[in-house]
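So the protein lines, in turn, are chains A and B. Quick note on numbering: our numbering labels position 218 of the first sequence as 218, and the sequence is numbered without any gaps. Quick note on numbering: our numbering labels position 96 of the second sequence as 96, and the sequence is numbered without any gaps.
Bear in mind the hints are in silico, worked out from the structure with no lab data behind them. Hints are supplied without guarantee of correctness; some may be wrong.
When chains are identical, the list treats them as one kind, so a pair holds in a single copy or across two.
Unchecked claim - In silico SDA-like cross-links for lysine to any residue, where the CA-CA straight-line distance does not exceed 20 Å: (1) Lys-58 to Ser-85; (2) Lys-115 to Ser-197; (3) Lys-208 to Gly-21; (4) Lys-208 to His-42; (5) Lys-24 to Ser-200; (6) Lys-118 to Ala-61; (7) Lys-59 to Ala-88; (8) Lys-58 to Ala-88; (9) Lys-23 to Asp-55; (10) Lys-118 to Glu-186; (11) Lys-59 to Tyr-218; (12) Lys-118 to Ala-214; (13) Lys-216 to Ala-86; (14) Lys-208 to Glu-114; (15) Lys-115 to Trp-147.
Number of protein chains: 2
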Amino acid sequence: MWHLYHFPLCPFSRKVQLSLGEKKIGYELVTLYPWDADESFHRLNPAGRVPVLYDAAKKVALIDSQAICEYLEETVSDRPLLIGSARARAEIRRLVALFDENFYGDITGPLLHEKMRKRLVLRQSPDSRVLRETMRLLHEHLDYIDWLVDNRRWLAGAQLSLADFAAASQISVVDYLGGIDWSDHESAHGWYRVIKSRPSFAPLLRQKMDGLPAPKHYADVNA
Amino acid sequence: MWHLYHFPLCPFSRKVQLSLGEKKIGYELVTLYPWDADESFHRLNPAGRVPVLYDAAKKVALIDSQAICEYLEETVSDRPLLIGSARARAEIRRLVALFDENFYGDITGPLLHEKMRKRLVLRQSPDSRVLRETMRLLHEHLDYIDWLVDNRRWLAGAQLSLADFAAASQISVVDYLGGIDWSDHESAHGWYRVIKSRPSFAPLLRQKMDGLPAPKHYADVNA
């Protein structure tokens, strides 16, 4: 049995959960907050962070969200998420990296620091300058999603792929942390509502962080 | 003909160059410094950064170092670098991510800011506290490489893989930016000398940054 080490607002753990969900692979969640990663967890993952997908009986520990998703692609044929020609797969992986690295670095990472870590661990107020800057960058990223959705059926092309789930993972965390101003981003909003209403997304909409309630609209698939 | 957009001290472009070199794929270099990425480059890569592997005639632009390396694996059978079972490939990808993300975030990224960007663009002195902290973290990462090399033939297992080249790419940039204190890291040092003496590495040892000379030992494969 797989155990997924995660914390509810980790966008990379969310990407893995969506991949597991789409492929209908069973797993149990183990919650591990970044500030609770102790020595025993570092023995499991020297990088000291989630997600880790672990099977204790088989002694398999898969580490790093993209390595996990590639492994699931290679071992489970149900609902492939890295599809098409080598070039099409390169486009999917480009977009996954864009959301995992640039979107996370510009928006999700700073927001998790300002709104989660400062509230739950550091007991500080968020820095309003940082929040404004992330909102400015969020609009740039949403403009790009608008452009993709206006020119393609899904983010990476004609088929639903890991790129859509990587993007939606980041966006869902931003949405939990205060909501997204979708005005001027109708295309992106329509796309996100479709992803959000998939059965694989339902567990994410139920997961809550203690001490950090989600806004009311968060779990509403029509919002 | 492939053109690789890079700058000489970009560790991710180095990883792609090593992959191209190992697979004996021809290419020409196009130098693009991060501070020169203009609108036309952003049209090529919306993330605005190198490496980009571009074939103008075929209109193929491959973006993101890992997406490029995966594409090369899927399209060129010579010298596979993501080898073995799905589990072995997951281990290679875990280590690639460890070096691309954690090693880069802890060491190469801060050093490039302090020693390259501050010198060439900002005209500032490096912050000695940051330099000390990167050196401390470097020893932790080298300890881990020592452990890997002591327990396996190559970093990810019995065979040379992309993990070795991802690690050596980061280390070569750190070495260029001032050298590495290898005392207490004999295993890692022996492993790096072997990688450094491969033909695929020779172009990296010749590439220089204007205004930022390499230390004397940098290109010496016995150092």
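Against the structure, the hints:
Proximity of Lys-58 and Ser-85 under a CA criterion of 20 Å is satisfied inter-copy only: 15 Å between copies versus 33 Å inside one chain copy. Proximity of Lys-115 to Ser-197 under the C-alpha cut-off of 20 Å is found in neither arrangement, the shortest distances being 26 Å within a copy and 48 Å between copies. In this assembly of identical chains, the alpha carbons of Lys-208 and Gly-21 lie at most 20 Å apart only when taken from the same copy (18 Å versus 48 Å across copies). For the homomeric pair Lys-208 and His-42, neither the shortest alpha-carbon distance inside one copy (25 Å) nor that between copies (38 Å) is at most 20 Å.
Proximity of Lys-24 to Ser-200 under the C-alpha cut-off of 20 Å is restricted to the intra-copy arrangement: shortest distance 8 Å within a copy versus 42 Å between copies. For the homomeric pair Lys-118 and Ala-61, neither the shortest alpha-carbon distance inside one copy (31 Å) nor that between copies (40 Å) is at most 20 Å. When the C-alpha separation of Lys-59 and Ala-88 is checked against a cutoff of 20 Å, the pair qualifies only between copies, where the shortest distance is 13 Å, while the shortest distance within a copy is 34 Å. When the C-alpha separation of Lys-58 and Ala-88 is checked against a cutoff of 20 Å, the pair qualifies only between copies, where the shortest distance is 14 Å, while the shortest distance within a copy is 34 Å.
Only within a single protomer do Lys-23 and Asp-55 lie at most 20 Å apart by alpha-carbon distance; the minimum there is 17 Å, versus 35 Å between protomers. Neither within a single protomer nor between protomers do Lys-118 and Glu-186 lie at most 20 Å apart by alpha-carbon distance, with minima of 32 Å and 41 Å respectively. Taking the shortest alpha-carbon separations for Lys-59 and Tyr-218, neither the intra-copy value of 37 Å nor the inter-copy value of 41 Å comes in at or below 20 Å. Taking CA atoms no more than 20 Å apart as the test, Lys-118 paired with Ala-214 passes inside one copy only; the shortest distance there is 16 Å, against 41 Å between copies.
In this homomeric assembly, Lys-216 and Ala-86 never come within 20 Å of each other (Cα to Cα): the closest approach is 42 Å inside a single copy and 42 Å across copies. Proximity of Lys-208 and Glu-114 under a CA criterion of 20 Å is satisfied intra-copy only: 18 Å inside one chain copy versus 40 Å between copies. Neither within a single protomer nor between protomers do Lys-115 and Trp-147 lie at most 20 Å apart by alpha-carbon distance, with minima of 29 Å and 38 Å respectively.
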